[in-house]
Amino acid sequence: ETGVTQTPRHLVMGMTNKKSLKCEQHLGHNAMYWYKQSAKKPLELMFVYSLEERVENNSVPSRFSPECPNSSHLFLHLHTLQPEDSALYLCASSQGQGADGYTFGSGTRLTVV
Amino acid sequence: KQEVTQIPAALSVPEGENLVLNCSFTDSAIYNLQWFRQDPGKGLTSLLLIQSSQREQTSGRLNASLDKSSGRSTLYIAASQPGDSATYLCAVRLSNDYKLSFGAGTTVTVRA
Chain A
1 ETGVTQTPRH LVMGMTNKKS LKCEQHLGHN AMYWYKQSAK KPLELMFVYS
51 LEERVENNSV PSRFSPECPN SSHLFLHLHT LQPEDSALYL CASSQGQGAD
101 GYTFGSGTRL TVV
Chain B
1001 KQEVTQIPAA LSVPEGENLV LNCSFTDSAI YNLQWFRQDP GKGLTSLLLI
1051 QSSQREQTSG RLNASLDKSS GRSTLYIAAS QPGDSATYLC AVRLSNDYKL
1101 SFGAGTTVTV RA
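Here the protein sequences come in this chain order: A and B. Take 1 as the starting number for the first sequence in my numbering and just add one per residue. Take 1001 as the starting number for the second sequence in my numbering and just add one per residue.
Simulated from the structure, these hints should not be mistaken for lab results. Values in this document were obtained by computation on a predicted structure and should not be read as measured data. The beta-carbon is built from N, C-alpha and C at its ideal position, and this holds for glycine as well. Hints are supplied without guarantee of correctness; some may be wrong.
Claimed, not checked - List of simulated lysine-lysine pairs, DSSO-like, C-alpha gap at most 30 Å:
no., chain 1, residue 1, chain 2, residue 2
1, B, Lys1001, A, Lys40
2, A, Lys36, B, Lys1001
3, B, Lys1042, A, Lys36
4, B, Lys1099, A, Lys40
5, B, Lys1001, A, Lys18
6, A, Lys36, A, Lys18
7, B, Lys1068, A, Lys40
8, A, Lys19, B, Lys1068
9, A, Lys36, B, Lys1099
10, B, Lys1068, A, Lys18
11, B, Lys1042, A, Lys40
12, B, Lys1068, A, Lys36
13, A, Lys36, A, Lys22
14, A, Lys41, B, Lys1068
15, B, Lys1099, A, Lys22
16, B, Lys1068, A, Lys22
17, B, Lys1099, A, Lys41
18, A, Lys18, B, Lys1099
19, A, Lys22, B, Lys1042
20, A, Lys41, B, Lys1042
Said to hold, decoys possible - Now the stretches of chain A that chain B is said to cover, found in silico as 3 or more residues with beta-carbon under 8 Å:
no., segment
21, 13-25
22, 39-52
What the hints assert, rightly or not - Simulated DEER-style distance windows between Cβ atoms:
no., chain 1, residue 1, chain 2, residue 2, range
23, A, Arg63, B, Ala1079, 46 to 56 Å
24, A, Thr80, B, Gly1060, 18 to 28 Å
25, B, Ala1029, A, Lys41, 42 to 52 Å
26, B, Asn1018, A, Val55, 32 to 42 Å
27, A, Glu84, B, Arg1055, 35 to 45 Å
28, B, Pro1082, A, Pro69, 23 to 33 Å
29, A, Thr80, B, Arg1055, 45 to 55 Å
30, B, Ser1059, A, Ser62, 34 to 44 Å
31, B, Ala1029, A, Glu44, 15 to 25 Å
32, A, Asn17, B, Ser1053, 40 to 50 Å
33, A, Pro69, B, Pro1008, 38 to 48 Å
34, A, Thr80, B, Ser1095, 15 to 25 Å
35, A, Thr80, B, Gly1016, 47 to 57 Å
Can you make the complete structure from the sequences, with help from the hints?
Structure representation (structure tokens):
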């Protein structure tokens, strides 16, 4: 495996469910990110982790809960979501603050019903 | 707050024509700028990264220029092919910031 891997690729969940998105990077980077991409809108930063510490939380509702157990793994725990949370969730990684750029995963397409 | 604008929102050209995609940003104190490609429903693929001290970067048929003082970057794609059909995103990082600010993208269709 190389680059940034996200699982699952697609997820359909009810509003009362609890699910988790997983991201793994194999690049030796020390910063990881969650972005949300909704239809017709620019990508929005949700969370940033650097050296496993959360350094940015971009006013995201508490129904989204990130976890970074080590520098290679990042999770996004989901509970009691709303239909408007349906979107493509993208994980990215960088070395430090991205002097060499960012690498993105393929995303998880989430549908809340 | 950094605002990133991409014009045009959509572009349709015949195969072989050169493509010119524009990106503008409001805060010129950037650290670097990155161009990405996104195929429908997929993740982002990095195309070119330009550091704030650079004027341009080239990779194959792709060339990106950066004019930091005027807050502009342009992505040129030479001799377009149907496989170039995708959405192209511009992203800017400010100095001392983890955050990437994205434009809404330009959706390109290259007609065979």
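We went through each hint and held it up to the structure:
1. B:Lys1001 / A:Lys40: OK: Lys1001 of chain B and Lys40 of chain A at ~20 Å, within 30 Å.
2. A:Lys36 / B:Lys1001: 18 Å, holds
3. B:Lys1042 / A:Lys36: Satisfied, since the Cα-Cα distance of roughly 13 Å is no more than 30 Å.
4. B:Lys1099 / A:Lys40: 20 Å, holds
5. B:Lys1001 / A:Lys18: 34 Å, violated
6. A:Lys36 / A:Lys18: 18 Å, holds
7. B:Lys1068 / A:Lys40: Judged against 30 Å, a Cα distance of about 27 Å means the pair holds.
8. A:Lys19 / B:Lys1068: 43 Å, violated
9. A:Lys36 / B:Lys1099: Holds - the C-alpha atoms of Lys1099 of chain B and Lys36 of chain A are around 13 Å apart, at most 30 Å.
10. B:Lys1068 / A:Lys18: 45 Å, violated
11. B:Lys1042 / A:Lys40: Holds, at roughly 15 Å.
12. B:Lys1068 / A:Lys36: The hint holds at about 27 Å.
13. A:Lys36 / A:Lys22: 14 Å, holds
14. A:Lys41 / B:Lys1068: Holds, at about 25 Å.
15. B:Lys1099 / A:Lys22: 21 Å, holds
16. B:Lys1068 / A:Lys22: 37 Å, violated
17. B:Lys1099 / A:Lys41: 17 Å, holds
18. A:Lys18 / B:Lys1099: 28 Å, holds
19. A:Lys22 / B:Lys1042: Given that 30 Å is the threshold and the Cα spacing comes to 16 Å, the pair holds.
20. A:Lys41 / B:Lys1042: Answer holds: Lys41 of chain A to Lys1042 of chain B is near 15 Å, not above 30 Å.
21. 13-25: Coverage by chain B is violated for the segment 13-25 of chain A (0 residues, Cβ < 8 Å).
22. 39-52: holds (count 7)
23. A:Arg63 / B:Ala1079: 46 to 56 Å: 48 Å, holds
24. A:Thr80 / B:Gly1060: 18 to 28 Å: Roughly 47 Å apart at Cβ, these two residues miss the hinted range, so it is violated.
25. B:Ala1029 / A:Lys41: 42 to 52 Å: 25 Å, violated
26. B:Asn1018 / A:Val55: 32 to 42 Å: Given a distance of about 41 Å, which is inside 32 to 42 Å, the answer is holds.
27. A:Glu84 / B:Arg1055: 35 to 45 Å: Cβ of Glu84 of chain A to Cβ of Arg1055 of chain B: about 42 Å, so the range 35 to 45 Å holds.
28. B:Pro1082 / A:Pro69: 23 to 33 Å: With Cβ atoms ~43 Å apart, the hint is violated.
29. A:Thr80 / B:Arg1055: 45 to 55 Å: Cβ of Thr80 of chain A to Cβ of Arg1055 of chain B: about 50 Å, so the range 45 to 55 Å holds.
30. B:Ser1059 / A:Ser62: 34 to 44 Å: 42 Å, holds
31. B:Ala1029 / A:Glu44: 15 to 25 Å: Roughly 21 Å apart at Cβ, these two residues keep to the hinted range, so it holds.
32. A:Asn17 / B:Ser1053: 40 to 50 Å: 48 Å, holds
33. A:Pro69 / B:Pro1008: 38 to 48 Å: With Cβ atoms ~43 Å apart, the hint holds.
34. A:Thr80 / B:Ser1095: 15 to 25 Å: 38 Å, violated
35. A:Thr80 / B:Gly1016: 47 to 57 Å: 52 Å, holds
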